[in-house]
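As you go down the protein sequences, you meet chains G and F in turn.
With the numbering used here, letter number 34 in the first sequence gets 34, and the count goes up by one each step, no holes.
With the numbering used here, letter number 286 in the second sequence gets 286, and the count goes up by one each step, no holes.
Don't take every hint at face value.
Anything over 10 Å on all C-beta distances counts as not near chain F; from chain G, calculated [stated by the list, open to error]:
| hint | residue |
| --- | --- |
| 1 | F161 |
| 2 | I224 |
| 3 | P299 |
With a cut-off of at most 27 Å between alpha-carbon atoms, the simulated DSSO-like pairs for lysine-lysine come out as follows [what the hints assert, rightly or not]:
| hint | chain 1 | residue 1 | chain 2 | residue 2 |
| --- | --- | --- | --- | --- |
| 4 | G | K208 | F | K399 |
| 5 | G | K372 | F | K302 |
| 6 | F | K219 | F | K302 |
| 7 | F | K168 | F | K305 |
| 8 | F | K219 | F | K135 |
| 9 | F | K213 | F | K135 |
| 10 | G | K372 | F | K135 |
| 11 | F | K305 | F | K315 |
Reference listing, derived: stretches of chain F covered by chain G, where coverage requires no fewer than 3 residues with Cβ under 8 Å from a Cβ of chain G [what the hints assert, rightly or not]:
| hint | segment |
| --- | --- |
| 12 | 54-66 |
| 13 | 372-385 |
Hint data in this document are derived by calculation from the structure and do not stem from the laboratory.
We put the CB at the ideal spot given by N, CA and C, even for glycine.
Spelled out from the first residue to the last, the chains are:
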Amino acid sequence: MSVFDQQSTRKPPISQIGAILWLRTNLFSTWVNGILTFGSLYLLYLIFPPLLDWMFFNASFSFGTVNLFGFDIKFSEAMATNQNCGREGACWPYIYEKLYMYTYGFYPRTETWRPNIVFGLTALLFVIVPLVKHYKHKNRVTLSLIILYPLVSYILISGGFGILPVVETHLWGGLLLTLIIASVGIIVSFPIGVVLALGRQSDLKVIKLFSTLFIEFVRAVPLITILFMASFVLPLFLEPGNNSIDKLLRALIGISLFQAAYFAEVIRGGLQAIPRGQYEAADAIGLSYFQKNALIVLPQALKISIPNIVGSSISLFKDTTLVLIIGLMDMLAMVGLTTADPYWLGRETEGYVFVTIVMWVMLYSMSRYSRKLELRFNTENTN
Amino acid sequence: MKKIILDSLGKSHHRGFNFRNLLYNNEARAFFFQVATLLIIIGLFYSAIGNLFENIEARGIQTGFSFLNNRAGFDILPFLGNYVVDYTPESPNLSVFYVGLINTLVVAFVGIILSTIIGLLIGIARLSDNYLIAKLSGGYIELFRNIPVLLQILFWYNLFINAFPHPKQSFSFLDVAFLNQRGLYMPRPILEDGFLFVTLAFIFGIIAAYFVKRHYKKKHELTGSHTSTWPYTLGLVIGLPILIFLLLGKPIQFDISVLGKFNLKGGMVIVPEFLALTFALSVYTATYIAEAIRSGIEAVDKGQKEAASSIGLTKTQSLKLIILPQALRVAIPPTINQYLNLTKNSSLATVIGYPELMSSFGGTVLNQVGQAVEILGMAMLVYLVISLFISLLLNYVNKKMAIQGR
Numbered sequence: 001m002s003v004f005d006q007q008s009t010r011k012p013p014i015s016q017i018g019a020i021l022w023l024r025t026n027l028f029s030t031w032v033n034g035i036l037t038f039g040s041l042y043l044l045y046l047i048f049p050p051l052l053d054w055m056f057f058n059a060s061f062s063f064g065t066v067n068l069f070g071f072d073i074k075f076s077e078a079m080a081t082n083q084n085c086g087r088e089g090a091c092w093p094y095i096y097e098k099l100y101m102y103t104y105g106f107y108p109r110t111e112t113w114r115p116n117i118v119f120g121l122t123a124l125l126f127v128i129v130p131l132v133k134h135y136k137h138k139n140r141v142t143l144s145l146i147i148l149y150p151l152v153s154y155i156l157i158s159g160g161f162g163i164l165p166v167v168e169t170h171l172w173g174g175l176l177l178t179l180i181i182a183s184v185g186i187i188v189s190f191p192i193g194v195v196l197a198l199g200r201q202s203d204l205k206v207i208k209l210f211s212t213l214f215i216e217f218v219r220a221v222p223l224i225t226i227l228f229m230a231s232f233v234l235p236l237f238l239e240p241g242n243n244s245i246d247k248l249l250r251a252l253i254g255i256s257l258f259q260a261a262y263f264a265e266v267i268r269g270g271l272q273a274i275p276r277g278q279y280e281a282a283d284a285i286g287l288s289y290f291q292k293n294a295l296i297v298l299p300q301a302l303k304i305s306i307p308n309i310v311g312s313s314i315s316l317f318k319d320t321t322l323v324l325i326i327g328l329m330d331m332l333a334m335v336g337l338t339t340a341d342p343y344w345l346g347r348e349t350e351g352y353v354f355v356t357i358v359m360w361v362m363l364y365s366m367s368r369y370s371r372k373l374e375l376r377f378n379t380e381n382t383n
Numbered sequence: 001m002k003k004i005i006l007d008s009l010g011k012s013h014h015r016g017f018n019f020r021n022l023l024y025n026n027e028a029r030a031f032f033f034q035v036a037t038l039l040i041i042i043g044l045f046y047s048a049i050g051n052l053f054e055n056i057e058a059r060g061i062q063t064g065f066s067f068l069n070n071r072a073g074f075d076i077l078p079f080l081g082n083y084v085v086d087y088t089p090e091s092p093n094l095s096v097f098y099v100g101l102i103n104t105l106v107v108a109f110v111g112i113i114l115s116t117i118i119g120l121l122i123g124i125a126r127l128s129d130n131y132l133i134a135k136l137s138g139g140y141i142e143l144f145r146n147i148p149v150l151l152q153i154l155f156w157y158n159l160f161i162n163a164f165p166h167p168k169q170s171f172s173f174l175d176v177a178f179l180n181q182r183g184l185y186m187p188r189p190i191l192e193d194g195f196l197f198v199t200l201a202f203i204f205g206i207i208a209a210y211f212v213k214r215h216y217k218k219k220h221e222l223t224g225s226h227t228s229t230w231p232y233t234l235g236l237v238i239g240l241p242i243l244i245f246l247l248l249g250k251p252i253q254f255d256i257s258v259l260g261k262f263n264l265k266g267g268m269v270i271v272p273e274f275l276a277l278t279f280a281l282s283v284y285t286a287t288y289i290a291e292a293i294r295s296g297i298e299a300v301d302k303g304q305k306e307a308a309s310s311i312g313l314t315k316t317q318s319l320k321l322i323i324l325p326q327a328l329r330v331a332i333p334p335t336i337n338q339y340l341n342l343t344k345n346s347s348l349a350t351v352i353g354y355p356e357l358m359s360s361f362g363g364t365v366l367n368q369v370g371q372a373v374e375i376l377g378m379a380m381l382v383y384l385v386i387s388l389f390i391s392l393l394l395n396y397v398n399k400k401m402a403i404q405g406r
């Protein structure tokens with residue numbers, strides 16, 4: 001009798017395991033997919049090597065000696081000039097030289113600590129608010145921060161009130177101005193948006209008519225037309241002789257009204273999602289209109305619309321770049337301004353790439369944040 | 001019920017009129033609140049308009065629309081609007097308005113077509129089985145939707161005029177079309193007399209193809225026998241015009257650009273401003289359209305796809321016949337909204353000087369004439385009409401797309 005001879009198990013075919021399997025199922029499952037894979041590899045080959053060459057390998061990093069947090073880091077003997085930078089690669093010393101302009105515009109160099117504190121406060125706020133989430137008085141803390149933060153920031157940046165020297169608004173610029181316009185736009189337009197949304201849902205015909213008209217009109221026209229209106233026509237509407245209204249203020253009014261219409265539509269979406277019974281229950285227990293909205297309807301509606309509110313704020317942040325058209329010196333406008341400097345002529349590409357990177361990083365993290373919020377609120381609704 | 005109302009209004013016999021009752025009456029409150037709002041709004045308008053007239057008089061700005069007949073006196077970048085309106089600096093300001101309007105519509109039209117194509121491709125590619133394709137399209141969306149469109153317009157325009165070659169070293173496509181920093185040079189067709197018939201044949205072909213398709217579709221529904229109609233379509237839409245074109249002895253000539261001493265001469269040129277603007281707008285808007293398409297496809301129930309493959313449809317067939325028709329129902333409304341956004345964003349052309357409505361009429365004319373109220377009013381009216389048109393379209397599509405029970 002032959003003894004049962006156990007054979008060792010055979011290994012799976014090489015095409016069914018590991019990296020090869022992954023390649024086969026994900027990149028070469030059909031011959032069409034194979035062609036597409038090679039096509040996209042070729043596309044990557046076309047784009048990336050020249051881009052990397054321009055950004056790094058052919059680029060100039062001769063910053064001279066840079067003082068970073070008190071340490072002297074020596075990149076090269078002297079800072080590169082426009083001439084010895086070459087045209088095949090990026091000239092990053094130009095960005096380094098103009099970094100101040102890109103960040104603060106014409107803000108006086110002696111007063112830089114003021115916007116810096118505001119930047120720091122902003123960062124701190126993003127750290128503190130999530131931390132106090134479990135604190136007993138978190139609502140009070142958050143509310144007081146929301147009121148205090150803009151006030152402190154305004155006093156710091158603009159000065160006056162006999163405390164700090166005044167820095168006029170035409171000196172504000174760069175990233176500082178971009179952030180100011182975006183945050184003021186959001187903060188001011190939000191309450192207007194809530195009122196407009198409630199107005200559009202109202203039973204009062206006149207209120208409903210005007211709210212709807214305003215919202216639909218503003219949403220139908222481009223932001224440029226509104227900015228032009230704010231900068232050319234608004235002064236004409238004001239008291240004669242008293243129309244030297246600040247250029248930045250005019251832009252802020254235009255942007256806030258514009259954004260309010262968009263917020264209103266987002267919040268209206270939230271209002272419509274609240275079940276009828278909530279309104280009726282509030283009426284049944286005898287709450288007034290304001291009590292009903294402040295205590296029952298809005299808290300729920302706003303919570304539902306938070307992801308869309310963030311989404312709309314992201315759009316506003318992108319739209320702040322438009323203020324360069326009416327002559328404000330935001331970060332994007334700095335590209336044109338700094339390359340008009342005869343010493344750095346023709347370095348627009350570096351400028352645009354730099355602004356693109358900064359803007360992209362900010363906008364991308366905001367959009368990730370909004371997606372996270374969306375997921376969080378989604379799961380809460382399904383529970 | 002009536003008694004309650006009378007009670008609350010204080011008209012009941014044993015109470016008499018009572019201000020307190022009136023104050024706590026909902027209808028009375030609503031009425032007073034609305035009247036107050038109306039009065040405030042009218043008051044604001046009244047004082048604003050009053051100030052406006054005073055200011056205008058003080059600054060010596062004219063009013064009314066007579067400026068539209070005045071000589072414009074400036075050159076406009078030569079593009080389609082110029083040729084259609086036959087614009088010269090001697091033309092009136094009204095012509096500038098028409099030139100701008102036409103150029104806006106051209107950008108919107110080309111941009112909408114381009115962004116739809118890119119968006120559809122990227123949206124489908126995002127859900128591809130192919131890992132690389134899916135990641136690349138995801139990367140495309142994340143990259144371009146998170147950069148302000150104004151920055152993109154400026155970037156491409158700057159790249160165009162700085163990185164593209166001088167006319168002498170143009171990129172040449174078969175010596176017929178040329179691409180350099182002054183734009184895209186293409187042969188200009190010169191139509192001769194007979195060409196009208198070719199156009200008519202083309203239109204006839206489209207109509208005939210439609211009827212052929214309808215006929216076979218009816219046959220398919222009645223008998224179940226399937227006939228592929230694309231040879232007929234091809235023959236009627238393309239073959240017929242070509243046949244007539246050849247029969248008439250090629251009634252068309254081309255004016256091809258030739259390299260002169262400093263620049264290309266002849267042909268027709270598509271200016272870099274237009275190319276950069278259309279490219280940037282399409283690339284940006286396409287990210288939103290792609291997302292709309294993707295969410296539309298994801299909204300289609302998984303069972304639909306499984307059912308399609310279980311009855312033996314190929315992947316392409318199931319995409320074309322089962323998935324896309326249902327996905328588009330979800331995807332089309334946001335896509336149409338994006339068309340409106342693209343049209344509105346075309347006004348950003350003012351930063352690169354492409355002569356559309358807001359840059360030629362709302363920009364140059366406004367600076368020369370100074371009648372901001374009238375000029376901006378006209379420009380806004382145009383955008384209002386466009387957006388009204390698009391929302392009518394949206395309503396129509398929504399009605400058409402609504403699920404119809406049999």
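Verification of the hints:
At roughly 30 Å from the closest C-beta of chain F, the C-beta of F161 of chain G stays outside 10 Å, upholding its exclusion from the interface. The claim that I224 of chain G lies off the interface is violated: its Cβ sits roughly 5 Å from the closest Cβ of chain F, which falls inside the 10 Å cut-off. For P299 of chain G, the condition that its CB be more than 10 Å from all CB atoms of chain F holds, with the nearest at approximately 24 Å. Proposed proximity of K208 of chain G and K399 of chain F is supported: the alpha carbons are some 26 Å apart, at most 27 Å.
At most 27 Å may separate the alpha-carbon atoms for a hinted pair to count; K372 of chain G and K302 of chain F meet this at roughly 25 Å. Annotation: proposed proximity of K219 of chain F to K302 of chain F is violated, straight-line Cα distance about 31 Å (limit 27 Å). A hinted pair counts as satisfied when its Cα atoms are at most 27 Å apart, and K168 of chain F with K305 of chain F does not qualify at roughly 55 Å. A distance of roughly 43 Å separates the Cα atoms of K219 of chain F and K135 of chain F; the hinted pair therefore is violated under the 27 Å criterion.
Annotation: proposed proximity of K213 of chain F to K135 of chain F is violated, straight-line Cα distance about 38 Å (limit 27 Å). Among the hinted pairs, K372 of chain G with K135 of chain F is consistent with the structure: their alpha-carbon atoms are about 20 Å apart, no more than 27 Å. Simply put, K305 of chain F and K315 of chain F have alpha-carbon atoms about 9 Å apart, close enough for the 27 Å limit, and the pair holds. Evaluation of the coverage hint for the segment 54-66 of chain F: fulfilled, as 4 residues show C-beta separations to chain G shorter than 8 Å, against a requirement of three.
Residues of the segment 372-385 of chain F lying with their CB closer than 8 Å to a CB of chain G number 7, which satisfies the three-residue condition for coverage.
Hint compliance for this structure: hints 2, 6, 7, 8, 9 are broken, all remaining hints hold.
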